[in-house]
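Residue numbers (the working numbering), protein chains in the order written: chain A, 1 to 258; chain B, 1001 to 1290; chain C, 2001 to 2291; chain D, 3001 to 3386.
Honestly, the hints are just simulated from the structure, not real lab data. Take the hints with a grain of salt, since some may be wrong.
[Said to hold, decoys possible] Far from chain C, some chain B residues (derived; all Cβ distances over 12 Å):
1) Pro1058
2) Phe1096
3) Ile1126
4) Ile1136
5) Leu1159
6) Leu1187
7) Pro1278
[As the list claims (entries may be wrong)] Covered, in the sense of this in silico footprint (three residues per stretch, anywhere, with C-beta under 8 Å from a C-beta of chain B), are these stretches of chain D:
8) 3102-3116
9) 3195-3202
10) 3211-3225
Quick reminder that beta carbons are idealized off the backbone N, C-alpha and C, glycines included.
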Amino acid sequence: MNTSTDTMLEVKDLSKQFGGLVAVDHMCFSVDPQQIVGIIGPNGAGKTTVFNLISGIIPPTSGKILLDGNCITSQSCHQVAMLGMRRTFQEIHLFRGLTVLQNVKSAAYRQMDYSLVDALLWSRRLRSEERAITELAMELLDRFDLAGTAHERADSLPYGMQKRLEIVKAIVSSPKVLLLDEPAAGLNPGETIELMELIHKIREEMDMTILIIEHSMEVIEGICDNVIVMNFGKKLAEGSWEEVQTNEEVIRCYLGVD
Amino acid sequence: MFVQQLVNGISLGSMYALLAVGFAIVYNILGIVNFSHGATIALGAYCAYWLSTYLRLPLELSMVLSVTIAGLVSALIERITLHPLRRKGQPQIFFFIASLTVFNLVTAIIIYVSKANITSYPRTLIYGSIRMANVIVPKLDVLMLGIAVLSLLALSAVLYKTKIGLAIRCCSYDSRAAQLMGINPDLVIGTTFLLAGLLGGIGGALLGAKYAVYPELGDMVYRAFFACMVGGLGSLTGAIFGGLLIGLIETISNAYINAAISPAITFGLLVVILLVRPQGIAGKLVEDKI
Amino acid sequence: MSFYESVFVNVGIMIIIAQGVYVITGLTGLFSLGQSSFVAVGAYTAGFLATRFEMHPLLCILAGIVVSILVSFIIGIPSLRLRHVYFSLATIAYCYALQAILTVSETFGGSIGLVGVPVVTRWWHVVLGVVATVWIVRNFKLSRFGLACLSVRTDELAARTYGIQTFVSKQIAFSLASAISGLAGGLLAFNLGYLSPDMFTVPVSSEYLIMVFFGGLYSQTGAVLGAAALTVLMELLRTTAAWRMIAYSTIILIIILVRPNGLFGTWEFSLDSLNPRRRAKHGLAKGGEGV
Amino acid sequence: MKRFAVILAILLVAFGSIAHANEPIVIGFITALTGSTSLWGTQEANGAMLRAEEINAAGGVLGRPLKLIVYDHKGSPQEGVLAYRRLVDEDKAVAVLGTHFSNISLAIAPVAEQKKVPVLGQAVEPKVTIPAPGKLNKYHFLAQPSCIEQGQMMARFAFEELGARKAAVLADKSNSYSISQAEHFAEYFKRRGGEVTDFVEYAAGTVDYRAHLTQIKAGSPEVIFLPQYAQPGGMQVKQAKELGIEATFLGSNSLSDPPFVAAAGGAENVAGLYFLFNVNWSEPKFEAFINNYEAKYGEKPVTYHSLFGYDDVTLICEAIKNAGAAEPEAIRTAIEGLTDVPIMLGDGKFTMDAETHRTRNMPSWIMQWNEAGEIVPVQLVYPPAD
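Required output: the full structure, derived from the provided sequences and hints.
Printed below as a string of structure tokens:
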């Protein structure tokens, strides 16, 4: 509704405590529309927790999160999703046992609008909406070289393709913001390059704002407009890749010197 | 009279508690719902009856032997049902159904062999009762409470003082972590079922002594299931609390509300407890790891 | 009505019940041990209206379905928030509770049961019921709601991140399953002419579950054929007298162990699968949940 | 439908063993061969088969042998109805015997009205034959005193013979056999001027009755009526003794089962308990029966249910003989007219009441367990006329 805002995602003073452990400590950052922002940091720095907080999987202890001007701080996961946010997980969270096409269609649940009565009676409305979604899904699968596997079981695909399918599922409903949690983990160099091209393509063709957690500096360097460095739940530095990699604190953190 | 009802409730509850721990050990450690526990309960009672009646063994010896048999049968059930499912990497929920079927099968066999005869042991385990003012506590109840406490102590000794106990505590259903630690999952899971079977056998043998030996004795497993869950995840003491709680609620609602609708009251209340405290009475809330 | 017809009617009613179990357990992954209570709600509502107010059987059955749906909300709203095994537990509690209530209720005949329901169910009624149920369940399964249930079953967390309200999906499936059970209950009431509380116990619910497992938990076809096969098997074993239950349980156990996914696994029968050209056009699943 | 029927028929022939020889008269028998009540069911079936054998050895009925087909109902009404339909449609039974479960007989009754093949059972619930006031199930008959009569006979005995004025009742609300007797016991006892201190109902699946018994104890009744099956009855007596309850126990006919004594924890616990019973085993006429039974099955009859089966066959054969034809309708009419048929139960004579389709004035024995675990006859009682 607030199309005029110039920040797509704003995180203010976000904190999360698990018992005595402070996983995220007063994080602040904002992301402009169509930006690709990378979040890096050593293991256990709280990167994934930030994603979980933003996507509504766990509630924050304090702080505020704004998505395109809407406050989503205490919203639950599906509400955040309905406001236009999608994410992927570090591990693969495909619907095993479902086909690739079914996976994509289930991710597009909110694109369809027909009622339960339509569903039970197999109405014309259902058929036309289903047809449209199938076409959309097939088109996307085609664009990401997965069309040939549309009717395979998702868990029978090779690892790289499963990761790509996760991304397809995340973008099928054209979200405003896309959170990618270590998309390149486990990919070989060739696949990593493909992935980077893919992310670029998504941003350009679909007008998406992308947050990405990644350990591969190659990916961060290759695609990110802006980089946030985290350590012990705190933001250590923020800026372009060139700025961040010369930041002394960041170097110290990565070299493991206190 | 109220004190007498409390005693009645605790006595019933301690019985449920013993059954619940056997159920809980498999549920808490392996995360699987094991309805075949009902089969071991019934076997515990029937074997003690068969041995003492047909082989004319002393009752105490028969009970010990029947507990052993129940333990072995439980391990055998694991071997022929859970093991192949685990091998094939099937979700554990399949065991839920397989264990229900085993329960049905063992009940059917017991009914066939015993000709559905309702019976009891050739003699009472212990006679008499303790009287305090107006309150009567049968000695059998005291003895059974003692056996229950002893077997639970023995169980915790096994779990916390032995190597296999450590292995059991490390093990989980998918057993990858345990395997990495060099633990043979088959052995650990087999032992867990053996322990559960022994407890089920003790419970069954005592139920036989306290009530009667009859084919539906195994249906107690549903109460054990409730006690285990209400008591709380990850805690054997929780199962004991759960058992006592159910016994008390049941007795109180039988005595003071309406015995005919007491299941509705008891189970309704238990569901309310679970809604208010999903982690159970003694359990810790485990947040989902994402 | 001949003996074969009555076996056929029984098979039909079991198929309908199995469809309900398939929706709640196969599609949604919730293990309900209280499904027989929903059959009871449908049956008792229909039977009560038929005996007390002499209403038309069709109206009675419809009323049974409506009441089943209402009850499914009363039970579902608290218990569907409970997770996994806790849900099964809540359904057991519900089953015990309903039985106790029916037993003490003079209105419903207490333990003597509800006597004097007209025996009017014929085979074509059941055929209609089965066809309608199978068709509706198939539609539900292929719709976005069914897909949502499947997603919730396989990965609840991921489903939520796609904007699927897991609770709503579960409640829809639960209510649909209850409605189907209510229909089966209504047909049962008018088939048997008599209802008693001990016909709807927890062990009876577990038999329904076993039936669906036998055919293949994740296959609608399996639910249909599993229910049919086991009902007929039970009848065939009648002549084995005392061995009957042992034989029945052994056969089921062997199937579950040898084919844990049931006789049919995830395979689905489909008219399209008979026609290779349409198969290609519609892109039917090779090994998936069927499309 | 047709193909389904054909396939099923083939399978049934393969499984069953249906042989035809000398045009036997087919009689069905429905009872529990599996499940928790299969002890009684097996006893019934054994008694019935023994009687059928005896009759065939003596030349059969109307010069034709008797063929008894026994089917299991596993305690479920649906199964009972299927068994009835199978007997009538497939096996062409001209009459069906059983069951002694009210819930299953209630389910069979309306089907029997449609199929018009008579059923003679042992259930105690009057609604089996009279589903609503003024309405009679033409094809259903009961050969045991009803629960009304049983409850009243016991109440009268307690009031008149034992001189009891304060009674308590403990009944299973989920079992119509138990609750119906309990209600009529209490009703009659109060009508005669007695006081019912506690009327406690409990739910199915209860094993611990001490809560209920503690409550009953507080009212200090002189007699406690336990209309129960053997297993709950035994556990109740045992737990009552544990709680030091000294009242006299009264019970129903199921408390005659030897398993009852076992479940009650031995003869000393049940000594002095009175119960209503259909049969006096000490009469000389049972000697031959017990010997024949033992010769055929290798053990003595365990419960009196063997006599249910035995008498059912006697009665149905008498009816066929009187009817002069093995036709369901003729048999039905003949059952209505059965008068003074010599049987084993009660006082040895059976008369059917055509108005109620139940026994007319069939007496029962009041029995007592003694210290040695034996059943001692006390007196023969007839249903109260009032």
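To see whether the hints hold, each was checked on the structure:
1. Pro1058: Check passes; 32 Å lies beyond 12 Å.
2. Phe1096: Since the minimum Cβ distance to chain C is about 6 Å, phenylalanine 1096 of chain B lies within 12 Å and the statement is violated.
3. Ile1126: holds, 33 Å
4. Ile1136: About 29 Å separates isoleucine 1136 of chain B from the closest Cβ of chain C, which puts it past 12 Å; holds.
5. Leu1159: For leucine 1159 of chain B, whose nearest Cβ neighbour in chain C is about 22 Å away, the distance exceeds 12 Å, so it holds.
6. Leu1187: holds, 21 Å
7. Pro1278: violated, 7 Å
8. 3102-3116: violated (count 0)
9. 3195-3202: holds (count 3)
10. 3211-3225: holds (count 5)
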